[in-house]
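Using the numbering used here, you'd call the opening residue of the sequence shown number 1 and step up by one each time.
Note that these hints are calculated values from the structure, not bench results.
Note that the coordinates shown come from a computational prediction; the quantities given were computed from them, not determined experimentally.
Hints should not be assumed to be uniformly reliable.
[Unchecked claim] Pairwise CB distance ranges (calculated): (1) H13 x Q52: 47 to 55 Å; (2) I20 x S61: 24 to 32 Å; (3) C21 x F116: 19 to 27 Å; (4) M1 x P60: 28 to 36 Å; (5) S44 x R9: 16 to 24 Å.
Glycine included, each C-beta is placed from N, C-alpha and C at the ideal position.
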Amino acid sequence: MGVFTFVCRSSGHEWTAKQICGDLEESAASTFDLQRKCVRSALSADSSGGVQSSFSYVTPSSAVIQVIIGGGGGGGGAAAAAASSSGGAPAAEAPPAEEKKEEKEESDDDMGFSLFD
1 MGVFTFVCRS
11 SGHEWTAKQI
21 CGDLEESAAS
31 TFDLQRKCVR
41 SALSADSSGG
51 VQSSFSYVTP
61 SSAVIQVIIG
71 GGGGGGGAAA
81 AAASSSGGAP
91 AAEAPPAEEK
101 KEEKEESDDD
111 MGFSLFD
């Protein structure tokens, strides 16, 4: 998993981005194009998985772009992919269902006060 953080500044009609811990630099006429270039640049350094990126203004002329590569991202997609790639292997047994405990409903009387007192 790679995390690439870029500090962005606007000067005139051009935006520039410089990686905080690294050598990657990009420039573009718009913030949209700058974010796309930063993602491409980060992918050229680390192409180990899915990509997430975010753009956040700090001031009207400065911003931060963060590109995250890999990391899984959660969700059930990985489990589904693992299940489908296992071929004809039988599925693992489901864990036994937990016993349901009866929950006693509390009333206002139990607390010693009422909402409408």
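Structure-based check of each hint:
1. H13 x Q52: 47 to 55 Å: violated, 28 Å
2. I20 x S61: 24 to 32 Å: violated, 18 Å
3. C21 x F116: 19 to 27 Å: Since the Cβ atoms of C21 and F116 sit about 59 Å apart, the hinted range of 19 to 27 Å is violated.
4. M1 x P60: 28 to 36 Å: holds, 32 Å
5. S44 x R9: 16 to 24 Å: With a Cβ separation near 22 Å, S44 and R9 satisfy 16 to 24 Å, so the hint holds.
Against the hints set out earlier in the document, violations occur for numbers 1, 2, 3.
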